[in-house]
Structures are given as C-alpha cells and as structure tokens.
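Q: Just need the whole structure built from these sequences, with the hints factored in.
2 protein chains.
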Amino acid sequence: MEAASFVTFGQYLRPNFYFLLLIFLQNGPPIVEGVWPLPQTFTSSIERYPLSPEAFYFEYGSQSAAQQGCSVLDGAFMRYFPLLFPDYTGNGVLRLYGDKPFHLVVTVDRDDCESYPHEDSSERYNLSVSARQASLNAETVWGALRGLETFSQLVYQDDFGSYFVNKTDIADFPRFQFRGILLDTSRHYLPVQTILQTLDAMAYSKFNVFHWHIVDDPSFPYQSRTYPDLSSKGAFHPMTHIYTQSDVRRVISHARLWGIRVLPEFDSPGHTKSWGKGQSDLLTPCYKGSSLSGTFGPVNPILPSTYQFMATLFKEVSLVFPDSHIHLGGDEVNFSCWSSNPDVRAFMKKMGFGVDFTKLEAFYMENIVNITSALNKTAIVWQDVFDYHERIPKDTVLHIWKGNPASYKAELSRMTKAGMKVLLAAPWYINHISYGQDWREYYNVQPLDFPGTEEQKKLVIGGEVCMWGEYVDATNLTPRLWPRASAAAERLWSDEKQTSSVDKAFPRFQDFRCKLVRRGIRAEPLYVGHCKHEYQGR
Amino acid sequence: MEAASFVTFGQYLRPNFYFLLLIFLQNGPPIVEGVWPLPQTFTSSIERYPLSPEAFYFEYGSQSAAQQGCSVLDGAFMRYFPLLFPDYTGNGVLRLYGDKPFHLVVTVDRDDCESYPHEDSSERYNLSVSARQASLNAETVWGALRGLETFSQLVYQDDFGSYFVNKTDIADFPRFQFRGILLDTSRHYLPVQTILQTLDAMAYSKFNVFHWHIVDDPSFPYQSRTYPDLSSKGAFHPMTHIYTQSDVRRVISHARLWGIRVLPEFDSPGHTKSWGKGQSDLLTPCYKGSSLSGTFGPVNPILPSTYQFMATLFKEVSLVFPDSHIHLGGDEVNFSCWSSNPDVRAFMKKMGFGVDFTKLEAFYMENIVNITSALNKTAIVWQDVFDYHERIPKDTVLHIWKGNPASYKAELSRMTKAGMKVLLAAPWYINHISYGQDWREYYNVQPLDFPGTEEQKKLVIGGEVCMWGEYVDATNLTPRLWPRASAAAERLWSDEKQTSSVDKAFPRFQDFRCKLVRRGIRAEPLYVGHCKHEYQGR
Chain Z
1 MEAASFVTFG QYLRPNFYFL LLIFLQNGPP IVEGVWPLPQ TFTSSIERYP
51 LSPEAFYFEY GSQSAAQQGC SVLDGAFMRY FPLLFPDYTG NGVLRLYGDK
101 PFHLVVTVDR DDCESYPHED SSERYNLSVS ARQASLNAET VWGALRGLET
151 FSQLVYQDDF GSYFVNKTDI ADFPRFQFRG ILLDTSRHYL PVQTILQTLD
201 AMAYSKFNVF HWHIVDDPSF PYQSRTYPDL SSKGAFHPMT HIYTQSDVRR
251 VISHARLWGI RVLPEFDSPG HTKSWGKGQS DLLTPCYKGS SLSGTFGPVN
301 PILPSTYQFM ATLFKEVSLV FPDSHIHLGG DEVNFSCWSS NPDVRAFMKK
351 MGFGVDFTKL EAFYMENIVN ITSALNKTAI VWQDVFDYHE RIPKDTVLHI
401 WKGNPASYKA ELSRMTKAGM KVLLAAPWYI NHISYGQDWR EYYNVQPLDF
451 PGTEEQKKLV IGGEVCMWGE YVDATNLTPR LWPRASAAAE RLWSDEKQTS
501 SVDKAFPRFQ DFRCKLVRRG IRAEPLYVGH CKHEYQGR
Chain F
1 MEAASFVTFG QYLRPNFYFL LLIFLQNGPP IVEGVWPLPQ TFTSSIERYP
51 LSPEAFYFEY GSQSAAQQGC SVLDGAFMRY FPLLFPDYTG NGVLRLYGDK
101 PFHLVVTVDR DDCESYPHED SSERYNLSVS ARQASLNAET VWGALRGLET
151 FSQLVYQDDF GSYFVNKTDI ADFPRFQFRG ILLDTSRHYL PVQTILQTLD
201 AMAYSKFNVF HWHIVDDPSF PYQSRTYPDL SSKGAFHPMT HIYTQSDVRR
251 VISHARLWGI RVLPEFDSPG HTKSWGKGQS DLLTPCYKGS SLSGTFGPVN
301 PILPSTYQFM ATLFKEVSLV FPDSHIHLGG DEVNFSCWSS NPDVRAFMKK
351 MGFGVDFTKL EAFYMENIVN ITSALNKTAI VWQDVFDYHE RIPKDTVLHI
401 WKGNPASYKA ELSRMTKAGM KVLLAAPWYI NHISYGQDWR EYYNVQPLDF
451 PGTEEQKKLV IGGEVCMWGE YVDATNLTPR LWPRASAAAE RLWSDEKQTS
501 SVDKAFPRFQ DFRCKLVRRG IRAEPLYVGH CKHEYQGR
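Chains as they are written, first to last, in the numbering used here: chain Z, 1 to 538; chain F, 1 to 538.
These are computed hints drawn from the structure, not numbers from a lab. Check the hints yourself; a few may be wrong.
As the list claims (entries may be wrong) - In the DMTMM-like style, the derived pairs of lysine to aspartate or glutamate whose C-alpha atoms are separated by at most 25 angstroms in a straight line are:
(1) LYS504(F) / GLU470(Z)
(2) LYS504(Z) / GLU470(F)
(3) LYS402(Z) / ASP438(F)
(4) LYS277(F) / ASP159(Z)
(5) LYS233(F) / ASP247(F)
A: Here is the structure:
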C-alpha cells in the first residue's frame with residue numbers, strides 16, 4: 001500500500017479518468033493504463049498491491065453456484081494464470097515464502113458451467129480489488145469470464161518485473177448483446193489453429209459471437225456427414241482444405257470456453273458455386289438464348305429436390321451447431337441466370353410473379369426460413385432479404401451490410417420501424433484496408449444515431465466486424481484484424497458518452513494493443529512508437 | 001525421362017512460355033510454374049527427372065575458382081538443401097539405394113568467397129539442367145547464389161510428394177544493378193530476427209541491397225561506439241530497443257551470405273530529433289520571437305562542432321558498414337526553425353545566402369558529402385538535395401522518392417541530363433496500402449520510360465521498394481512486404497518486353513507466393529484461392 005487518495009471516474013467524473021491516465025503515463029509507475037473496452041463504471045485509486053505468481057489463488061466463493069469442476073471457470077483460471085504473470089516460468093524454485101497471498105474470489109449466481117452462451121446470457125459482472133483479495137461476482141459464468149479479462153488487464157509490471165494491481169471497483173455490463181466477428185473460410189481456407197487463436201483474441205476484446213461464413217462460391221470446406229461430396233468436390237482440396245466434424249466441434253468447444261457463440265452461415269441462394277460441384281441439379285442451369293450455356297447460377301428455386309436437400313443439410317447443421325441462431329445469407333443474388341432459364345420463367349408465370357425476380361428470391365428465402373424454423377432455429381439474413389420482401393417472420397434478425405452512414409441509417413430506421421431486430425455490420429467491413437489510422441472511423445460509429453423511437457433503438461441487437469477473405473488468409477489475418485476490430489469492440493460494449501473521444505481513447509488503445517502483443521497476438525501498431533515487449537518470433 | 005519434345009521460350013518465343021504454363025496448370029503434373037523473377041532466357045521441356053534428397057549432391061566444378069571451404073557457397077548449399085526438399089526429415093533411415101544420384105555442379109570464375117558484394121558485382125549465371133546433373137556457371141559467387149535460387153524454384157513435388165526438375169536451360173542476368181528494399185527501424189524497432197528473415201525473403205526475389213534507414217526522428221537505435229548516448233538517450237529503450245555492434249555485424253554477415261549489400265542511412269540535417277537527446281548542441285534551437293522556444297529543429301549547420309561530430313560519427317559508420325556507399329538523407333528539411341534563429345540568420349548573411357535557406361541546406365550537405373568522400377564512401381542522397389543544389393559531386397547517387405509518374409519521370413530526365421546517377425523509389429512506396437491488387441501498379445512501372453537519351457537511361461542504376469515504419473513493425477512487416485515487393489523485384493531484374501503483361505504474370509506470381517509460404521514466409525495472398533501447403537502456425 002503506497003498511497004490512499006481516491007479518484008472516482010467513469011460514469012460521473014469522466015474527465016478525471018483521462019487526466020489520471022496521462023499523469024501516470026508521464027510520471028512513470030504506478031501505471032494504470034486502463035481497460036479495453038472501457039467498463040461502464042470504474043473507480044480506481046493509486047493505491048497498489050503487489051502480486052506474486054507463487055502466492056496468487058483463483059477461488060470459488062463459498063456462495064457460488066459454480067464450484068471446482070466447472071469446466072468454463074476451471075479452464076479460464078488455467079488460461080489466465082500465464083496471462084497475468086507472463087514472465088513466470090512456473091518451476092516454483094524461486095518461491096519467496098514472504099509473499100503475501102492474494103485471492104481472486106469468483107462467485108456466480110447460476111451453475112451454467114456446461115451450457116453454451118446464448119443470445120440472452122447475462123455478461124454483467126462486478127469486480128472489487130482490495131488488499132490481498134479481489135471479488136468477482138456475476139450472474140453467469142459468462143459474466144465471470146468478462147470480469148476475469150478485466151482483472152487481467154488491471155495487472156501490470158514495473159520496470160523490475162514485479163506485478164501489481166491497483167485498488168479498483170468496477171460494475172460492468174455490455175451495451176449490446178451481440179458483438180460479433182465474421183471470418184470467411186471459403187475465399188481462403190483458414191487452418192483450425194488460426195480460428196482458435198482468433199477466438200482467444202476475441203475474448204480479450206469481449207467479443208461474444210464468431211460468425212462463421214464457412215462456405216461460399218470459391219470453396220465448400222465444411223465436411224458434411226450427409227453430403228460428403230460437397231467438400232470432397234467443392235473444397236479447394238478434399239483432404240487438407242476442409243473442416244471435419246471434429247474440427248468443427250473443436251472450434252465450438254474452444255469458443256464456449258471463452259463465452260463465445262458460434263453462428264454458422266450457409267449462404268444461399270447466391271454465393272453457392274462451390275455447392276454445385278458436389279450436388280447435381282442444385283444450381284440453376286443458365287441459358288444462352290435457347291440452349292444451355294454450360295454455366296450455373298444461384299440455387300434452383302423451382303425444384304422440390306432443392307428444398308429436400310436443404311431440409312436435410314440444415315437438419316445436420318442444426319445438430320452440429322448448438323446455437324439458437326443460424327445465418328441463411330440471402331445476399332447479392334444475380335437474377336440474370338434465373339431469367340435466362342425457360343423453366344424458371346414458366347414457374348414465375350405459374351406463381352404470378354410476373355418478371356419480378358425479387359419475388360422469386362423472397363419465395364425461396366421463405367421456404368428456407370420455414371425449414372430452419374421447424375428445426376427451432378432463429379434465422380439471420382442479410383439486408384437484401386428485407387429489401388425484397390418486407391413480410392418475413394418477426395423473429396428473423398436482419399443484417400445490414402450495405403453502404404455509407406446515410407444509407408445504413410435509413411435502413412436501420414426502416415427495419416426497426418417494421419419491428420424487426422437488426423444487426424449492424426456496414427461500418428465495420430475491416431477487410432477494406434487503407435493507409436493510416438482507419439480504426440478511428442470504426443470507433444466513431446454511433447449505432448443508435450438514426451431516426452426512430454426508443455422502442456426502435458432497442459431492436460438493434462448489436463454489431464459485427466466483417467473480415468471477408470478475398471485478400472486474407474492465415475498469413476495476414478491477425479494483423480489485419482487486431483487491433484482494428486477492437487475499436488468496434490469498445491463501441492459495442494462501452495457507454496457511448498464515456499467513449500466519445502477517439503483522441504482520448506488513443507493512448508489506452510495503444511496500451512491495449514501492446515497487451516495483445518504481449519499475449520502473442522500479432523496485433524499491428526496504431527502509429528509510431530513501441531511496446532515494452534515487442535513481438536518476437538518470425 | 002518421360003517425354004522429349006522441346007519448347008523454347010524466353011527472349012525469342014515469348015508467347016509460348018505462357019501457353020505452356022497454362023497447359024501444365026490445367027492438365028496436372030508435370031507442373032512447371034516458372035521462376036520469379038523471370039530469367040532473361042529460359043528454355044524448358046516437359047522432360048522431367050526425379051530428384052531424391054538422399055541422392056542429391058551439391059558439387060564444386062573442377063574448374064571452379066571457389067572450392068569447398070568457400071563460406072558463401074558452402075553456406076548456400078546448406079540453406080538450399082531444405083528449401084529443395086521441404087518434406088525431408090533428414091534421418092536418412094529410409095534411404096532408397098536404387099535412387100540415382102543427381103549432381104548440381106557449381107563453377108565460378110573468381111574466388112570472391114570472403115568478399116562483400118558491391119555495386120559492380122556480376123550476378124550473371126547460366127544454368128543447364130539435364131539428366132542426373134545440373135551445371136551452374138557464374139563469374140562470381142553472387143551470380144552462383146542467384147542461380148541456386150532459380151534452381152530451387154525449378155524443383156517441384158507431385159501429388160505423392162516425389163521431387164522433380166525439368167530439363168531446362170537458362171542464361172540470366174539482372175536488368176538493373178541496384179534492387180533494394182528499405183526498412184525503417186526508427187519509427188518502430190524491428191527485432192534482429194525480423195531483419196534476418198527479411199534478408200532471406202529478399203534473396204528469394206533476387207533483391208540485392210538492404211537499405212537500412214536505421215535512425216530518424218522517433219528513435220536512434222544504433223548503438224554507437226563513439227557516441228553511446230545517442231542510443232542510450234535516443235532509442236525507445238536503451239537496452240531492449242537498440243542494435244548493438246554485434247547485432248549490426250550479424251545483419252551484415254547474414255546479408256553477405258545472400259549476396260545482399262547493406263546500405264546504412266544516417267539521414268540529416270532533418271529527421272534527427274532523436275539525435276538531439278544524446279548529443280547536446282547538435283540541433284538548432286528554435287526561437288519564438290526573440291526568445292528560445294525550448295524546441296529544436298534540424299541539425300545546426302552553422303557550428304564547427306556539428307561537423308566535428310559528424311566526421312567522428314561517419315568515420316565509425318564507415319568502418320562498421322563495409323559497403324562503398326552510404327546514404328546521407330537530406331530530405332524534408334523544415335526551414336522554419338532555422339529562420340527563427342538569429343544566429344542562423346546572421347550566418348546566412350555572412351555567407352551571402354540572403355534568405356534562401358535551400359542554400360544553407362546545400363552548404364550543409366556539401367560539408368557532409370565531403371566528410372564521407374574523404375572516408376572513401378560514395379554518397380546517396382534523397383532528391384531534395386539535387387532540387388536545391390544542382391552542383392553536387394558527380395558520383396553522388398540521387399534517390400527519387402516524390403510524386404506521381406509525371407513528376408518522377410520529369411525528375412529522372414532532369415537528373416540524368418545533369419549526368420547524375422539515379423535510383424528510383426517513388427513508385428514503390430509500398431507502406432502505402434490500399435484495398436485490392438495494388439501489386440499490379442508496382443509491376444507496371446516502366447523505370448526507363450522518360451524523355452532522355454540512351455546515355456541518360458544508363459544512369460538509372462535501379463530501384464528501391466520502401467517500407468516506411470509509421471504503421472509497421474514485427475507484427476505486420478512480412479505480409480505487407482511480401483509478395484508485393486516481389487512485383488518490383490521482377491520489374492528490376494527481368495526483361496521488360498517479356499514481362500509486359502501483368503495478367504500473364506499473375507498465375508506465376510501466385511505460384512511464387514505459395515513458394516514463399518512454403519518456405520515459412522508469411523506472404524499474403526494475391527486474391528481468392530489456395531496454396532497446396534497453407535501457412536501453418538500462429
């Protein structure tokens with residue numbers, strides 16, 4: 001204990017937070033660079049306590065519904081120990097018996113240790129750090145995970161390598177329930193290890209949904225039990241560029257341990273070229289004039305066999321992926337092949353669609369949504385489906401991906417006015433790189449700044465960072481994703497009023513990026529400067 | 001031997017090269033994707049020979065001036081063996097005695113094994129691959145290194161992992177003598193390992209100059225023997241963020257073994273903020289009105305102590321770095337601090353410079369060039385020095401970094417008309433990233449397409465890819481640099497007529513990128529697709 005003056009910051013005394021931060025950075029230790037994303041309420045002090053890896057204990061509170069044997073928390077304690085004490089070699093030989101013990105006591109209200117996180121899971125937690133003890137309380141184990149991450153970011157080392165944590169009180173919860181990252185494993189195959197490491201880094205920024213855009217035109221790497229030809233003929237390589245059932249289980253299990261949902265996307269009727277290689281008669285044959293051109297278009301929406309196939313495939317998918325939601329795509333359907341095909345035109349006529357192919361797409365999507373509804377899954381679809389077809393089941397989530405702020409704000413208004421739940425991705429297409437500090441734009445997004453009532457605003461369930469794969473694979477994914485995605489993570493977790501200044505966020509963001517590097521994540525630099533521990537290795 | 005029909009391609013039958021390439025890619029093995037950068041003359045055949053790692057021998061030709069014990073070639077043989085046979089585990093247990101031996105016989109005209117590559121070193125080589133033997137002949141060991149790289153790119157594996165090489169005849173030499181890459185270790189510190197790996201990857205693209213922009217405003221990581229305060233006070237960290245004498249020797253020695261020159265840059269009088277921390281009275285004190293502002297500007301050009309310091313520092317630098325050239329910078333000098341300083345203004349008056357500060361910069365640079373000339377070093381300076389001061393020593397090399405094609409072409413004309421040697425960097429500032437296939441622009445540069453005589457064109461000694469460090473460190477350097485820099489490498493090595501189509505280069509470039517990935521270089525993808533062996537590891 002080295003001092004006892006308090007400064008309260010957070011919700012009420014916001015300016016002091018940054019003031020304190022700068023003083024600490026300029027005057028050397030004690031260093032409290034803060035937490036990313038910023039907690040909702042944060043009270044800290046310059047009073048600091050030494051921590052020793054030899055005398056640090058994770059503990060379950062006596063009142064905790066979860067106790068030793070809880071897979072989620074036992075696993076988290078194992079993972080966070082080396083993150084708290086990165087220099088500790090763990091041989092125990094140098095144990096100093098004089099070290100005073102420090103207990104991190106975790107108490108949760110519910111024993112949801114063996115469940116999966118879901119869309120209504122509470123991630124709320126309270127963390128109180130005082131001498132010799134920190135108390136972490138949460139309703140769920142998922143909230144406890146978020147609190148462990150926060151605690152890990154509070155621990156720091158001085159120039160001699162000693163560990164400290166300052167007196168702190170935090171009450172925290174996410175602003176939005178859905179905070180996702182999309183990875184695209186069709187345009188390039190991502191090794192499972194790369195996905196697992198991305199899940200780790202997601203947890204460091206408190207992301208909670210991995211949107212797995214698993215298949216698309218270029219390749220079909222998902223190895224289906226029911227339709228093995230889809231990957232054996234549609235993957236880049238049938239053995240080395242696929243996700244086996246075991247790979248998928250590994251990803252879902254790893255994600256669960258970090259409190260991350262895995263949302264699979266099987267996008268149709270467009271974006272399905274690779275599906276056609278392993279499933280004949282699935283895609284629409286295109287015509288050139290009156291004869292077949294030899295090429296294929298979107299899924300053929302006029303054949304009963306299409307819906308039989310989809311029902312079987314989605315039955316499998318609904319069993320493999322435990323999440324209550326499933327992403328059905330529905331974007332960017334090119335109508336030229338459909339309109340070239342005389343059978344499709346005849347079907348249009350019979351159905352009374354005239355020449356409006358948006359009606360045909362709506363018909364197709366309605367069938368697919370019905371299939372997945374019957375499997376007890378809630379559908380998420382790209383905005384195109386709403387644009388073409390306003391009468392879709394009310395529980396469907398609409399995913400906005402198009403356009404500039406003016407156009408996505410108008411779309412937010414329209415969709416929420418129609419009573420639909422909405423997910424915002426448009427401003428966070430971070431596969432689009434440019435020179436300089438583009439994270440500032442991602443940070444400055446105001447997801448609820450659109451014309452609408454309070455009720456409408458409540459329908460925005462969250463946001464998603466998309467890393468489409470045209471130019472991304474395991475060689476460059478990590479530095480493109482981090483820390484740029486983390487700018488959106490703070491926007492989706494933290495209070496907007498407390499995080500309105502991108503300039504004030506900058507030093508805390510730089511510090512967070514160095515923490516990622518220290519954890520072995522190749523997070524790229526934000527600007528000129530250095531980290532105490534630079535990335536090592538080739 | 002599986003076939004014996006010949007197709008000659010290269011200088012005379014260029015279109016066939018691409019025809020052949022595509023046939024091979026579509027019809028499966030034998031696969032000959034070609035070499036990057038494209039050799040000047042290349043005759044190949046579909047006749048292929050199996051290679052076995054257990055029966056492959058590097059040998060010195062009996063007429064070779066270099067023999068066993070030659071550090072450059074002995075080292076290259078060691079390095080290339082695992083690059084030729086990436087799956088070979090090397091335990092020798094599975095040796096198949098039936099494997100027929102294959103000898104790669106290297107003959108060089110000169111024993112320059114213990115020297116450094118220099119600006120006039122020949123890199124010419126001839127490579128002839130036939131049954132059981134390949135002959136590699138070169139004037140120098142540096143040429144032999146280039147030939148070894150080419151040979152390594154000719155070896156491929158079939159789907160069963162067996163190794164093959166096709167009958168091939170190559171006569172090759174570089175179009176430009178200077179093919180450089182600039183790394184900036186001041187805006188971010190790059191660990192020595194990162195620099196060494198970059199040297200490896202440079203050799204794979206036949207780059208031959210590492211331009212080490214070692215110090216600048218943000219930090220001074222070079223640990224000087226004579227002025228240790230420069231790094232102890234001017235580096236980001238005096239112990240962890242510096243290059244010791246031993247580090248520098250390691251970089252130079254590693255570069256030499258790849259036939260790469262190390263060109264150090266100590267940029268002045270601007271870009272020197274970090275120098276001022278460890279050397280008082282070196283920088284110009286700025287004034288606000290009639291009093292000192294407390295800030296400092298460029299190096300103070302009016303004090304004799306400045307030139308004494310520079311003479312001592314450059315004497316050390318000239319001993320540490322063996323290359324005949326030294327880069328003196330001279331770019332982007334801000335005149336506002338000089339003009340604020342009454343002593344500088346008085347000096348200007350005394351010297352008859354009036355208020356033309358370009359004359360003061362020219363005066364300063366003239367003094368620095370004289371210092372390094374006396375140390376037997378040829379100076380390279382950024383174009384600003386020429387723009388301000390046309391009378392500079394004729395052997396100085398001018399380095400063009402500014403502007404769009406129209407402006408750098410005009411500068412090329414002006415400089416070569418004045419009889420000066422020129423190095424072109426402007427079109428290859430690849431730290432400027434953008435979305436999509438920007439390598440196409442780098443590939444399409446025509447360095448000699450400017451108004452001027454044949455004599456003028458000969459004064460363009462080469463080009464340089466610059467990776468400035470504002471947004472780059474060890475986390476993201478490799479995927480930003482590779483394979484984008486390799487587009488410039490082909491432009492600087494190969495015949496422009498044979499490499500005029502970026503579309504035709506595309507599949508060969510994709511294949512080369514996969515070769516880099518196979519060698520453990522995190523080279524990013526060019527577009528949608530896959531490599532047989534994806535990047536593994538975190």
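Q: Each hint needs a verdict: does it hold in this structure or not?
A: Outcome of the hint check:
no. : hint                  : in the structure
1   : LYS504(F) / GLU470(Z) : holds (20 angstroms)
2   : LYS504(Z) / GLU470(F) : holds (20 angstroms)
3   : LYS402(Z) / ASP438(F) : holds (24 angstroms)
4   : LYS277(F) / ASP159(Z) : holds (21 angstroms)
5   : LYS233(F) / ASP247(F) : holds (19 angstroms)
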